[in-house]
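2 protein chains.
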Amino acid sequence: MVEQAERFVPEPPDPSPEDVESLDVWGFRDTAFRARPDGVVELTGSRYPLCGEELAEVLPWVQRKIHPDVSPHDLNPSRYPPPIPLPRRHEAFLDEVRKLLPEDHIREDPEVRLRHGHGHTQAEMYAIKYAQLPRVPDLVVYPSEEAQVVSLVEAAHRHDVCLIPYGGGTNVTDALRCPESEARCIVSVDLSRLNRILWVDPTNHMACIQAGAVGRHIVEQLARYGFTLGHEPDSIEFSTLGGWIATHASGMKKNRYGNIEDLVLDVTVVTARGVLERSGVAPRESIGVGDARRWVFGSEGSFGIVTKAVVKIFPLPEVQEYGSIIFPDLAAGVDFLHQITRRSTPPASVRLVDNLQFQLSQMLKGRRRGAKALKSAVEKWFVTKVKGFDPERMTACTLVFEGSREEVAAQRKAVYSTAKRFGGMKGGGENGERGYQLTFGIAYLRDWIMNHYLLGESFETSVSWSQALELCENVKRRIHEEHAARRLPGKPMVMCRVTQVYETGVCVYFYFGYYFKGVEDPSRVYAEIEHAARDEVLRSGGSLSHHHGVGKLRRGFLPRIHSPGTLEWTRQIKAAVDPANVFGVANQNLTDA
Amino acid sequence: MVEQAERFVPEPPDPSPEDVESLDVWGFRDTAFRARPDGVVELTGSRYPLCGEELAEVLPWVQRKIHPDVSPHDLNPSRYPPPIPLPRRHEAFLDEVRKLLPEDHIREDPEVRLRHGHGHTQAEMYAIKYAQLPRVPDLVVYPSEEAQVVSLVEAAHRHDVCLIPYGGGTNVTDALRCPESEARCIVSVDLSRLNRILWVDPTNHMACIQAGAVGRHIVEQLARYGFTLGHEPDSIEFSTLGGWIATHASGMKKNRYGNIEDLVLDVTVVTARGVLERSGVAPRESIGVGDARRWVFGSEGSFGIVTKAVVKIFPLPEVQEYGSIIFPDLAAGVDFLHQITRRSTPPASVRLVDNLQFQLSQMLKGRRRGAKALKSAVEKWFVTKVKGFDPERMTACTLVFEGSREEVAAQRKAVYSTAKRFGGMKGGGENGERGYQLTFGIAYLRDWIMNHYLLGESFETSVSWSQALELCENVKRRIHEEHAARRLPGKPMVMCRVTQVYETGVCVYFYFGYYFKGVEDPSRVYAEIEHAARDEVLRSGGSLSHHHGVGKLRRGFLPRIHSPGTLEWTRQIKAAVDPANVFGVANQNLTDA
Numbered sequence: 001m002v003e004q005a006e007r008f009v010p011e012p013p014d015p016s017p018e019d020v021e022s023l024d025v026w027g028f029r030d031t032a033f034r035a036r037p038d039g040v041v042e043l044t045g046s047r048y049p050l051c052g053e054e055l056a057e058v059l060p061w062v063q064r065k066i067h068p069d070v071s072p073h074d075l076n077p078s079r080y081p082p083p084i085p086l087p088r089r090h091e092a093f094l095d096e097v098r099k100l101l102p103e104d105h106i107r108e109d110p111e112v113r114l115r116h117g118h119g120h121t122q123a124e125m126y127a128i129k130y131a132q133l134p135r136v137p138d139l140v141v142y143p144s145e146e147a148q149v150v151s152l153v154e155a156a157h158r159h160d161v162c163l164i165p166y167g168g169g170t171n172v173t174d175a176l177r178c179p180e181s182e183a184r185c186i187v188s189v190d191l192s193r194l195n196r197i198l199w200v201d202p203t204n205h206m207a208c209i210q211a212g213a214v215g216r217h218i219v220e221q222l223a224r225y226g227f228t229l230g231h232e233p234d235s236i237e238f239s240t241l242g243g244w245i246a247t248h249a250s251g252m253k254k255n256r257y258g259n260i261e262d263l264v265l266d267v268t269v270v271t272a273r274g275v276l277e278r279s280g281v282a283p284r285e286s287i288g289v290g291d292a293r294r295w296v297f298g299s300e301g302s303f304g305i306v307t308k309a310v311v312k313i314f315p316l317p318e319v320q321e322y323g324s325i326i327f328p329d330l331a332a333g334v335d336f337l338h339q340i341t342r343r344s345t346p347p348a349s350v351r352l353v354d355n356l357q358f359q360l361s362q363m364l365k366g367r368r369r370g371a372k373a374l375k376s377a378v379e380k381w382f383v384t385k386v387k388g389f390d391p392e393r394m395t396a397c398t399l400v401f402e403g404s405r406e407e408v409a410a411q412r413k414a415v416y417s418t419a420k421r422f423g424g425m426k427g428g429g430e431n432g433e434r435g436y437q438l439t440f441g442i443a444y445l446r447d448w449i450m451n452h453y454l455l456g457e458s459f460e461t462s463v464s465w466s467q468a469l470e471l472c473e474n475v476k477r478r479i480h481e482e483h484a485a486r487r488l489p490g491k492p493m494v495m496c497r498v499t500q501v502y503e504t505g506v507c508v509y510f511y512f513g514y515y516f517k518g519v520e521d522p523s524r525v526y527a528e529i530e531h532a533a534r535d536e537v538l539r540s541g542g543s544l545s546h547h548h549g550v551g552k553l554r555r556g557f558l559p560r561i562h563s564p565g566t567l568e569w570t571r572q573i574k575a576a577v578d579p580a581n582v583f584g585v586a587n588q589n590l591t592d593a
Numbered sequence: 001m002v003e004q005a006e007r008f009v010p011e012p013p014d015p016s017p018e019d020v021e022s023l024d025v026w027g028f029r030d031t032a033f034r035a036r037p038d039g040v041v042e043l044t045g046s047r048y049p050l051c052g053e054e055l056a057e058v059l060p061w062v063q064r065k066i067h068p069d070v071s072p073h074d075l076n077p078s079r080y081p082p083p084i085p086l087p088r089r090h091e092a093f094l095d096e097v098r099k100l101l102p103e104d105h106i107r108e109d110p111e112v113r114l115r116h117g118h119g120h121t122q123a124e125m126y127a128i129k130y131a132q133l134p135r136v137p138d139l140v141v142y143p144s145e146e147a148q149v150v151s152l153v154e155a156a157h158r159h160d161v162c163l164i165p166y167g168g169g170t171n172v173t174d175a176l177r178c179p180e181s182e183a184r185c186i187v188s189v190d191l192s193r194l195n196r197i198l199w200v201d202p203t204n205h206m207a208c209i210q211a212g213a214v215g216r217h218i219v220e221q222l223a224r225y226g227f228t229l230g231h232e233p234d235s236i237e238f239s240t241l242g243g244w245i246a247t248h249a250s251g252m253k254k255n256r257y258g259n260i261e262d263l264v265l266d267v268t269v270v271t272a273r274g275v276l277e278r279s280g281v282a283p284r285e286s287i288g289v290g291d292a293r294r295w296v297f298g299s300e301g302s303f304g305i306v307t308k309a310v311v312k313i314f315p316l317p318e319v320q321e322y323g324s325i326i327f328p329d330l331a332a333g334v335d336f337l338h339q340i341t342r343r344s345t346p347p348a349s350v351r352l353v354d355n356l357q358f359q360l361s362q363m364l365k366g367r368r369r370g371a372k373a374l375k376s377a378v379e380k381w382f383v384t385k386v387k388g389f390d391p392e393r394m395t396a397c398t399l400v401f402e403g404s405r406e407e408v409a410a411q412r413k414a415v416y417s418t419a420k421r422f423g424g425m426k427g428g429g430e431n432g433e434r435g436y437q438l439t440f441g442i443a444y445l446r447d448w449i450m451n452h453y454l455l456g457e458s459f460e461t462s463v464s465w466s467q468a469l470e471l472c473e474n475v476k477r478r479i480h481e482e483h484a485a486r487r488l489p490g491k492p493m494v495m496c497r498v499t500q501v502y503e504t505g506v507c508v509y510f511y512f513g514y515y516f517k518g519v520e521d522p523s524r525v526y527a528e529i530e531h532a533a534r535d536e537v538l539r540s541g542g543s544l545s546h547h548h549g550v551g552k553l554r555r556g557f558l559p560r561i562h563s564p565g566t567l568e569w570t571r572q573i574k575a576a577v578d579p580a581n582v583f584g585v586a587n588q589n590l591t592d593a
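Those protein sequences? They're chains A and B, same order as listed.
Read in this note's numbering, the first sequence has 472 at position 472, and its numbers run on one by one without any break.
Read in this note's numbering, the second sequence has 343 at position 343, and its numbers run on one by one without any break.
Simulated from the structure, these hints should not be mistaken for lab results.
Honestly, I wouldn't trust all of these hints.
Copies of the same chain look alike in the list, so a pair counts if it fits in one copy or across any two.
With a Cα cut of at most 25 Å, we get these calculated SDA-like pairs of lysine to any residue [unchecked claim]:
(1) 413 <-> 319
(2) 413 <-> 321
(3) 476 <-> 69
(4) 420 <-> 370
(5) 420 <-> 315
Take the sequences, apply the hints, and build the full model.
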């Protein structure tokens with residue numbers, strides 16, 4: 001008999017009172033970059049390895065690479081909060097809501113409404129700090145039970161109210177932005193109170209989790225019982241299970257655990273035509289077109305509200321180990337990645353940064369003193385002088401191995417022997433861990449640099465192996481051309497990294513930043529250049545999105561990737577399942593809005 | 001630079017003229033079981049390892065286990081062909097078709113129409129041999145170009161004709177059966193001429209294959225270039241890529257290569273609202289709800305005609321190796337399977353047969369003479385007398401390892417050491433290969449035993465680890481009860497095997513057979529008992545289907561697994577994308593038909 005352990009219900013999440021999130025910038029309120037008057041940059045707080053380090057080289061590097069005028073003394077202060085539109089109240093609906101929800105689950109405060117009307121695109125963050133958002137939700141509700149969600153949807157239908165589900169608010173596709181033309185009352189349905197793990201089945205490695213559960217809480221709660229979901233998007237601190245499903249998310253360790261579609265076994269969705277749910281869940285099924293998962297992955301709030309999901313869970317790995325490798329250039333690194341997908345099972349995470357991003361990561365090392373400074377200097381000397389790596393061309397790969405001792409040993413062996421063939425040199429576990437963890441700290445950079453007249457942001461694609469390098473070159477060249485054509489100040493900064501590997505190709509992230517002092521409507525200019533970059537991505541064989549989704553930012557490109565038949569299908573389906581357009585968030589091209 | 005090899009176009013498939021399929025029974029025309037007057041059973045032809053063996057023990061075993069009257073001399077001869085309904089001709093549509101297709105791509109012959117009106121359920125096969133099918137297609141067309149499919153669908157729309165796509169005709173869910181109430185002209189669209197591999201991309205491990213390509217041809221063609229698709233359903237000799245997509249199929253080696261949803265990167269579908277297609281395909285995308293794959297997996301002909309797909313391909317494995325293990329009983333075998341999903345990567349295929357199926361496989365060994373007979377006797381003595389395995393309880397597991405030398409070595413080590421912990425004993429590679437290959441030979445049993453008043457068939461489910469054993473017991477008990485309650489002759493035979501393992505559970509196949517001489521309407525009685533078995537499957541936590549799909553056979557159970565909201569969604573979606581019900585095959589509960 002399979003050893004049976006009973007299902008159990010974990011304790012509710014117990015967030016620290018210090019875990020307050022900022023309304024006006026990315027992340028936790030206690031964490032922010034700042035430039036001291038002497039030019040040294042610091043990350044406040046103590047959450048991240050980077051916190052408290054003295055980053056002396058960042059500013060000089062930015063001055064060299066982007067614009068010499070960037071300075072601690074030349075500030076572009078945030079004017080947050082911006083003017084916030086008055087709510088369009090719908091009294092009859094509000095009366096119903098008051099019967100459904102306690103008073104403190106209903107919010108009308110301007111800044112709360114504002115926060116629910118955007119994600120984290122540069123345009124949105126620029127707007128809330130230096131301009132305004134023309135339309136934001138008129139009301140925010142916080143249901144704490146699935147039945148309340150059902151009642152809310154029914155009431156919205158009756159009262160012709162528009163509902164927009166809200167998870168962690170971390171999307172980067174304008175997916176939460178309210179359609180300006182929406183004349184109805186817009187109600188944001190914040191799922192943060194639906195945040196429980198309802199059960200864990202330790203025998204069959206499944207858990208049922210409410211959609212509003214935040215990534216970091218899921219990690220903590222499951223870890224107490226020896227499990228992990230294994231889904232680690234860059235936004236894991238703030239994004240939610242429901243958001244991962246709605247955007248069709250990918251996690252950094254997908255090589256071991258799979259992407260969200262591999263992890264979710266069942267979903268419950270409250271729609272305008274009733275609740276989509278199942279009487280049970282079994283491993284892999286062929287039950288026709290009624291499997292609700294297929295309707296909601298990537299639906300971006302347009303079809304309904306995901307309230308919970310049954311997911312696979314995994315025992316915490318016996319071994320977790322970091323590693324890093326440096327390569328002479330990007331091509332060698334890509335060759336290496338290609339080869340490890342051909343000859344072995346890649347480690348849980350393998351990420352390759354290009355030269356510029358490698359340089360940035362070096363700049364984000366704190367001042368070293370004494371023995372550490374010496375060690376660092378010797379390392380640098382060894383790499384560049386003895387081994388002959390060119391500091392202006394070399395690239396680096398970070399590795400996370402997870403699994404049993406045997407699995408990790410086999411992967412380690414395969415990875416490092418392959419790396420050698422492509423001129424790679426081991427960079428050590430410490431650098432690997434730093435590189436992997438840097439993700440969470442550098443997320444705070446975007447809002448900080450805006451204070452210094454710098455706009456920067458990332459965008460991703462996926463592309464076949466044979467087109468990957470050319471795509472990277474094309475996109476970089478195109479951004480340089482667009483920057484030059486507009487006679488923008490300084491130089492653009494464009495970097496990239498390969499964040500995921502597949503049998504058929506890779507996911508590539510680009511980072512583009514520019515200095516905007518004196519530029520008229522800098523956020524629009526940024527958007528234009530990003531749009532041109534996406535055009536170049538598509539021309540170069542890249543996809544519209546690897547895991548960020550479409551939202552409103554990329555929907556204009558849909559006719560380039562889909563046939564007219566497909567576009568018509570999606571619109572007909574939307575009209576069929578939500579004829580009153582209750583879920584009127586207007587992502588993709590599903591409605592005329 | 002990633003080493004680039006150009007895309008190439010393989011030669012068209014070159015089927016042997018001997019590969020003629022039977023119209024009235026499963027499989028190739030040159031292959032059939034038969035019982036000699038002396039009671040020895042043989043499989044004719046030379047296609048399978050079983051062919052030409054003298055199977056002396058089968059009939060006596062069947063007499064013992066099912067009914068003593070089963071005999072080579074008591075025959076229930078097939079009356080194929082049955083009366084076949086006259087075609088309802090639609091002259092105007094036929095005129096259009098004649099403009100689109102050459103004369104020999106249009107068939108009206110009764111037996112061809114009949115063959116396109118069924119798959120391989122016991123009810124269908126019984127009907128064509130001993131009764132009749134009340135409604136079959138009125139016309140069969142064989143488009144050889146995608147554009148012809150588009151024109152056919154447009155013409156069908158204009159002329160109010162019902163289209164039913166046809167792949168290999170191997171489904172076991174009544175999915176091809178024509179709705180009796182369908183008053184329109186029914187046209188079967190046979191995709192067998194859309195059977196080309198359009199291109200192979202050896203660098204990015206992708207291929208574009210037309211939907212009518214048959215599994216065995218795909219295998220042969222890709223193997224010439226060192227590749228495999230890795231998708232091996234039991235029906236691979238006859239089923240098609242399009243059929244795999246439409247039924248949401250699973251292959252025996254899914255542990256290594258994935259199920260069909262893991263292999264298909266893009267599909268082209270001709271629908272009543274235009275063609276669903278993409279401008280390109282990238283590794284993993286998050287492009288919203290317009291990814292056509294999600295609409296067609298498991299759509300069973302109700303949404304349109306799949307014409308081609310881009311799939312992942314894999315280099316042929318460095319090593320392929322068979323293995324087998326015997327266990328004292330079913331529980332030990334299941335425990336072993338559970339453990340190998342927990343501690344390691346399971347081999348490409350792992351299948352566990354219960355005791356009765358193990359016995360059957362032993363009966364399907366040919367007479368051994370001389371040294372071989374001695375070896376066989378000694379083995380049996382060793383297993384049962386020395387090792388103490390009970391012949392009435394022992395079970396067996398067949399293994400297929402595929403991968404690099406290192407991977408296979410690691411899997412082999414993990415598998416056999418785990419097996420030992422659960423009382424398993426190595427049974428050797430020869431038995432493993434025989435067990436694995438037996439699948440293809442025993443597919444011919446069903447039609448042969450019908451000649452001897454035996455009705456038998458398989459059905460599958462998936463279920464969590466913790467419920468697996470109990471489900472097997474419940475279903476077996478229920479079938480015995482149902483058999484007894486009807487006072488049917490002899491004893492029912494019910495066997496099962498576990499054919500797939502997942503982190504969360506398994507796929508279980510059941511085989512049920514009974515002796516029907518003297519039973520009124522034996523096929524209906526079989527269906528009733530199978531229906532009761534499915535009821536028991538669902539009560540015991542099993543799924544409606546692991547990979548066979550729903551069709552018409554299981555659609556009555558949909559309300560037990562889906563919420564009313566889900567059922568309403570699927571009907572609304574069908575009505576939205578195919579308002580005239582051009583694709584009127586009436587599978588699942590998508591229309592009122």
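Do the hints match the structure? See the list:
For the homomeric pair residue 413 and residue 319, the shortest alpha-carbon distances inside one copy (15 Å) and between copies (20 Å) are both at most 25 Å. When the C-alpha separation of residue 413 and residue 321 is checked against a cutoff of 25 Å, the pair qualifies both within a copy, at 13 Å, and between copies, at 24 Å. Taking CA atoms no more than 25 Å apart as the test, residue 476 paired with residue 69 passes inside one copy only; the shortest distance there is 23 Å, against 80 Å between copies. Proximity of residue 420 to residue 370 under the C-alpha cut-off of 25 Å is found in neither arrangement, the shortest distances being 32 Å within a copy and 57 Å between copies.
When the C-alpha separation of residue 420 and residue 315 is checked against a cutoff of 25 Å, the pair qualifies only between copies, where the shortest distance is 23 Å, while the shortest distance within a copy is 32 Å.
In the structure shown, a violation is registered for the earlier hint numbered 4 alone.
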